[in-house]
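**Student:** Use the sequences and the hints to build the structure in full.
These are the residues of each chain, in order.
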Amino acid sequence: MSPDILDEASEIWFGPQHVSAHGWATKLTLVGDYIVECDPNAGYFHRSAEKCLEFRNFRQGSMILERICMMEAFLAEYPYIAAVEKIVDLEVPERAKIMRTIMLEFNRIHSLQFWWGQFAGELGLFAMLLWPWVDREYTLDAFETLTGSRHTISYETPGGVKYDFTPTFLSKMEIALSRVKERMPVFEDMLAGSPTFRLRTEGVGHYTLKQALKWGLSGPNVKACGLPMDLRKDDPDPNLAYDMIDWEVPTIHNENHPGECDAFDRLLQRFKEIETSLDIIDKLLPLLPEGPIVDPKARAKANRLPEGEGYGRVEGTRGVTTVWLKTMEKAQTPWRAKIRGPCFASYYSLKHIVPGARFADFPAIFGSLDPYPGWWDR
Amino acid sequence: MSDAPGSASTVARAVINKYPDIESKPLDGNKVELIVPREKIREVVTMLDEEISDALPESMFGVDLTENKYELIYIFWSHEGKMLIQLRVQLEGETPEIESVCDIFPGLEWHERETHEMFGINFMHHPDLRPLLLPDELVGKFPMRKSFETDRSRMDETGLAAPRPRPKPGGESS
Amino acid sequence: MVGSLGGYEMQFDFFTWFGGLWDWIWGILLWFWGIIKWLVIWILDIINGIWALAAVPENFMFLFRAVVMPGLIFLLLALIFTVWFTRKIWARVQDRRGPTHLGKYGGYQLFADAVKLMAKETIIPDKAKRWMYRILPSLLLIIVLIPFAFIPWDPYWNIMGPPGQAFGDLSVSLVLIFALLTAVPVFSLLIGWVTGSKYSLIGGFRSANNQFASEIPMVISSVGPAMLAGSLSMYSIVAAQTSIWYIVLLPINFATFLVASIASVGTFPFDAPVADSEIIFGWRTELSGIYFTVVYFAEFAEQMLYSAIMVALFFGGFNGLPFLPGIVNFLIKWLVVYFIFTVVTSSFYRLRQDQIVHLCWKYLLPLSILNVVLVMFAIVYIPGLLPLVIGG
Amino acid sequence: MGFVGNLGDIFKILKHVFRQVFRRPFTYFYPFEDRPYPERTRGRHIHVRENCTACGQCVRACPVAAIRIDKEDKKFEKDAALYFDYTRCIFCGDCVSSCRFDALYHTPIVDISEGDRDDLVYGPDKIETLDRDPLEWRGRRFR
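Residue numbers (our numbering), protein chains in the order written: chain A, 1 to 378; chain B, 379 to 552; chain C, 553 to 944; chain D, 945 to 1087.
Rather than coming from a laboratory, the hints here were simulated on the basis of the structure.
This structure is a prediction, so every number in the text was calculated from the model and none was measured.
Honestly, I wouldn't trust all of these hints.
Said to hold, decoys possible - Below are the DSS-like pairs computed for lysine-lysine, each with C-alpha atoms no more than 25 Å apart in a straight line:
no., chain 1, residue 1, chain 2, residue 2
1, B, Lys524, A, Lys272
2, B, Lys447, A, Lys51
3, B, Lys519, A, Lys51
4, A, Lys330, B, Lys524
5, D, Lys1018, C, Lys640
6, A, Lys272, D, Lys1015
7, A, Lys210, B, Lys409
8, C, Lys640, D, Lys956
9, B, Lys460, A, Lys210
10, B, Lys460, A, Lys233
11, A, Lys27, C, Lys679
12, A, Lys27, C, Lys640
13, A, Lys181, D, Lys959
14, C, Lys750, A, Lys351
15, B, Lys524, A, Lys51
16, B, Lys447, A, Lys330
17, A, Lys181, D, Lys956
Said to hold, decoys possible - Selected chain D positions facing chain A (in silico; Cβ < 8 Å):
no., residue
18, Asn950
19, Asp953
20, Ile957
21, Tyr974
22, Gln1001
23, Gly1037
24, Ser1041
25, Phe1045
Just so you know, even glycine gets a beta-carbon here, dropped at the ideal spot from N, CA and C.
**Tutor:** As structure tokens, this is what we get:
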């Protein structure tokens, strides 16, 4: 930055008590209407989840993880379970694998429904803020029928699943999914089709694929650049059922800037993500066999784990979510647990994406990266 | 050079024949682990950056092994080769020092800041090592170390109270 | 002989002086009483004069109209109804219920809000300029309420009275309304600047920028009906629309007027001055208590005013169903236009400040100028247009 | 994408919004109306003293140590009094799943709000019954 620009720059805190920045803060250096420097500040949500994990045994650990990101509780707690299952080899019954995959995809749809509303609210249209959240009520109702709680579901345990699918749950899921399918064209008109939306998001928050990978971005923020990097296809987890059906990873290939993406491409990418999830659930439901839902010896084996390190990974709605566990011989609690959230990288990447944009673009850029403070503060 | 999926071992072999004193240990699937000495970390990371075109710096974190012995683990993922490279660095001393790699992979900048404030591992040439997550009163106390005592008044009520057989390296762990 | 005190000769007879003191004091009191009496009499004369003036039926009717019926009381009640109506529409657009708990359909919610807001403590930030912080909000509300005097609600029952009367409708009331409304951006800029916070400063500049850019297309697109009716007085424009409403002849003009009025009020699509996801509440961030109430009402009064002008210019104010009194026609049309105004504003995303200005200067302005040119040619070359338009 | 295209989009959006305005809103009057809770809802607990054998499994299973057991206070021959601390409880359902003698159940009652914190510690008398004093406020029954 040439020094003479900075002397007439003014600093504004897009601060923690801000209407649309609840729980995080960024120091923006403004020259006129343009942002010259952006310094994201983390730590407002820090509840030391990693230290708490050192005091929880292996059945209770996943409950801390699902409270880090309420929007994708199934997806947040699964890496911990996968890490435990890598350390001690529990054989997960077939039915549990398919139920887990169905619920992960159902949770991805729920998280994207939330994101539609939040992004539209940040851009100013409060009608579009509440319409997807009305559909979300049906999804949460289905979650509550299955597990008993809307957000903090604690559904998966090492070795399988806690609650079984009941006919009422299947009918409620059917209602929720048909509601998503039927409302999709309406939301496409209101979001992608709205001229004011295109004015606010085209060419905003622009980065190339190379930069995205260097910052550690993953998930829809990278697939929008055209790279089909999806953990469900790259590193299929043995205890999930993604490799049982054939589906392909949705990506966006924008012709006027091929290897790059901006806020509008990320929106189109998330529309495709929802269609893929719906398609996966429709394919998996008929394959659901009868049988036990949890490995009978799971309780005994998962009580004290042998020495070892496990690295559980899952493709969350916002990117790759991973948990790394290290356990000592015959210890009830992990020696060290590292949680890596997808939004850790997307919040950091604001530091490079935002300079150059206008002050009014900041909510659009921030909203399009689909951030969640729980992930970078843990 | 991204080629057949089985390329994790080829990348590891390329690194080994360039730096003989690194030993590698294949993990399950397409993952490989390299034990890297402290002073060679920058060279290995730059070499990884050139070898793998689309390396994703997934995470970097520290592990406290009591008695001032720490371990740094860098994890990189590549979509082309579908491989995961894990670098492990052993560290010694009250506040160990290591070169920072955040100019090669900017994604690790905040990981290094967090490890610095949680474990007290100093990263040389890091642009701004301010505390990332901790409130002011915890800065400098390195809470993630095993020696950081926590409130254990209600430990007996949880099911964890049973004495856990642990290797007795001296330090009293969680 | 001067009083003797046991044989001493006194140069100054104290006792007679003391005896006279009482009369002196009594004189002062009388003098005071004279002033007070004069003052009271003077006030009574003034009241008497006013009463003599007001007792004249014509003046009294003007006072009654100005204060009660289409004037102050009616406006405040209409204002409160508008706020309630807007909140209900926003709620229905967002698939929820809006105010419900107080009153049958949340009717008393607005009175409760008004009382609460006035009772709230007014926190004046220390960086604010104190006396300007106190005066400006009320000035803003005055400026926005005055133009309501020139709106022709009813052929006889509007504030300015029928043309023949003493106060007769001004021949340039359309120009006067827009002259008053140009002061609004000045006040929003000043309030934003005076309250001293960075966010409100940005909001103030944005609102001024926004309104300058949108007022010109609005004024130009109101020239169309004036040319058709052949006069600049609101009353005669409305009177000329007996046979045909001008929206039928000038749909584009109505469209540019609607978009420009939305931009100059600063509601949703052109929401930069009050962008709550960026600069918390724009230039109104630091106001609280009674000042916030006044400014909040000023915004809704502005929306009411613009929809009333639209009804007068394009929907033929009090011309409508013959059996209904003029003011009822006007109110029904005003309700419909206000409904359209609110629903249109709550269905688009917020535009950036430069995009708003870009839209106003590059699209609205040429469109409204083109429209004026069209009306000119239509008047000259289309034979049947003039008698049709002049109407009764 | 062209002026006419934008105009078409604008009218499509207005059609959606107009159709939404005249639809029945989704929300309901919460304190007076309520949504049907499914039977698996993890609300407040009910402790059945007859089946309880004071084994303390629930105390160990709780991740946040929200249950305190008092073994001396017996009502039947081999049971114990439980104190549920609802300020700490996260409603995860581990205690219910770890109780082998069916002595603990969840109920779909989720609105347990109290005046001060120590009322939230449900003692043995409060944890067994579902009835609680109705909440009256300004002439309206909330509970």
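**Student:** Quick check: which numbered hints come out false for this structure?
**Tutor:** Of the numbered hints given earlier, those the structure breaks are 1, 5, 6, 12, 21, 22, 25, listed in rising order.
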